[in-house]
Each structure stands twice: as C-alpha cells, then as structure tokens.
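**Student:** Sequence:
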Amino acid sequence: MADLEAVLADVSYLMAMEKSRAAPAARASKRIVLPEPSIRSVMQKYLEDRGEVTFDKIFTQKIGYLLFRDFAFNQAEEAKPLMEFYEEVRREDPGDRIKKYEKLDSEEERAARSRHIFDHYIMKELLACSHPFSKSATEHVQSHLSKKQVPPDLFQPYIEEICQNLRGGIFQKFIESDKFTRFCQWKNVELNIHLTMNDFSVHRIIGRGGFGEVYGCRKADTGKM
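Each residue of the sequence shown is one higher than the one before, starting from 35 at the first, in this note's numbering.
FYI, nobody ran anything at the bench for these hints, they're computed from the structure. Honestly, I wouldn't trust all of these hints.
DEER-style ranges, computed between Cβ atoms [said to hold, decoys possible]:
# : residue 1 : residue 2 : range
1 : L179      : F107      : 22 to 32 Å
2 : L179      : E86       : 33 to 43 Å
3 : Q198      : Y80       : 20 to 30 Å
4 : G246      : V76       : 33 to 43 Å
Derived SDA-like pairs: lysine to any residue, alpha-carbon spacing no greater than 20 Å straight-line [claimed, not checked]:
#  : residue 1 : residue 2
5  : K96       : Q219
6  : K169      : I156
7  : K133      : R149
8  : K134      : E122
9  : K91       : I193
10 : K169      : Q190
11 : K96       : L81
12 : K96       : E121
13 : K96       : I209
14 : K182      : A145
Glycine is no exception: its CB is placed at the ideal position from the N, C-alpha and C atoms.
Can you make the complete structure from the sequences, with help from the hints?
**Tutor:** Pasting the structure below:
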C-alpha cells in the first residue's frame, strides 16, 4: 500500500510539473489586475510617510529597478548612457544571458571585459570631452589596468558616481512620470496580496533537511511550481 501511495504521489507531482510548464493560457486568464492609475496619489503619500520614495529604496527593488530602467531607456535621454554603463558592470539585463563584469569568475574574462568597458564607456567619452565622471574614478581604473589588476569591484567608483547622478534630477523626473504611477499601482497590489495554504496545491516530498521535510507545491492561479 505504501508503494502504491508513493507511485501516486510521484504521478501527482509529475503532472503538476507538466502543468506548470504548459499553462500559459490558464495563467493569462488569471493575470493580476492593476488598480486604476488614480491610486497614485494615495500610494505616493503612503510610501512617502514610510520613507520609501527615495532613489535607493526604489532602485534596489526589482519592480522599482525595472520601471526606472524603462524610464531611463525610453524617456530620459541623459539617463540612458548611465544605465547602459551600470548594467555593463553590475546588473543583469532582463533576458540577457551574458554575465556582467562583476559576476565573471575568471581574471582572464574580467581582463577582456574591463578593457571593453574602459574603451567604450570611459576612453570614448574622454576623447569626446563629454566624460561626466571624476578624475579620481578614471585614475583608479587606469591604475589597476596598467598593473593588469582586474578585481570584481574595479569599477566601483563609477558605480557610485552613476548612482549619484541618477539620484538627482533624473530621479525627480522619474517620480513625475507614468512609470512611477505604475510603480504605485504595483505597490498597492503588493500590499493587498494575502497568501494562505489554499493558494497552493501540495504534492510529494522532494527532500528532507535540518528544518524538516520539503514538499513540492504548485501555485493555484499561475500554475508555477
């Protein structure tokens, strides 16, 4: 009997896995509906009262980063090159399978990528006399490259200055844009999500550890495991 139960549990788990891979139509019919854009005024005050409407708070959240990125690439010409430089060094471009500089594992890879970044984002602007960064940041990178030193944090001075540039007038324009309205809509959804065990179907045990048993679970509305 125990063997039969184990087989049934395996079948149930495999069927759930299959459904999670092949349920785009079902998920499409159950997409989250965002509140009206007018929710912005209420949510902005709510977030401001809690100190959440700052560059650092929004930029470090996934939804905030993606919306700020969209704004920078499509609505703020002066922000686009800064974001391109930032993403070349640090952040994974959504859908991009190429590792960014800070995530490269070998010195050989970092050496090649650092030279590309220096030539494309630093030297190119220096030659055009349009380099918006400090002399100390440039000297920091040049000094390391001349010694063939390529630590993961080689471009950290630039990352800090990029964020400082984005933190000012560009961020204020973001707050005044429709992208911030969308951010407020998503934050409202986030506040109103209340999950219970009824939102999941629980399947077989897939592992055991120091904290107990781990079960495979499938989200009822999205079909994801």
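**Student:** Hints first: check each against the structure and report whether it holds.
**Tutor:** Status of the hints after comparison with the structure:
no. : hint                      : result
1   : L179 <-> F107: 22 to 32 Å : holds (28 Å)
2   : L179 <-> E86: 33 to 43 Å  : holds (39 Å)
3   : Q198 <-> Y80: 20 to 30 Å  : holds (27 Å)
4   : G246 <-> V76: 33 to 43 Å  : holds (41 Å)
5   : K96 <-> Q219              : holds (14 Å)
6   : K169 <-> I156             : holds (11 Å)
7   : K133 <-> R149             : holds (15 Å)
8   : K134 <-> E122             : holds (6 Å)
9   : K91 <-> I193              : holds (16 Å)
10  : K169 <-> Q190             : holds (14 Å)
11  : K96 <-> L81               : holds (16 Å)
12  : K96 <-> E121              : holds (14 Å)
13  : K96 <-> I209              : holds (17 Å)
14  : K182 <-> A145             : holds (8 Å)
The structure meets every hint from the earlier list without exception.
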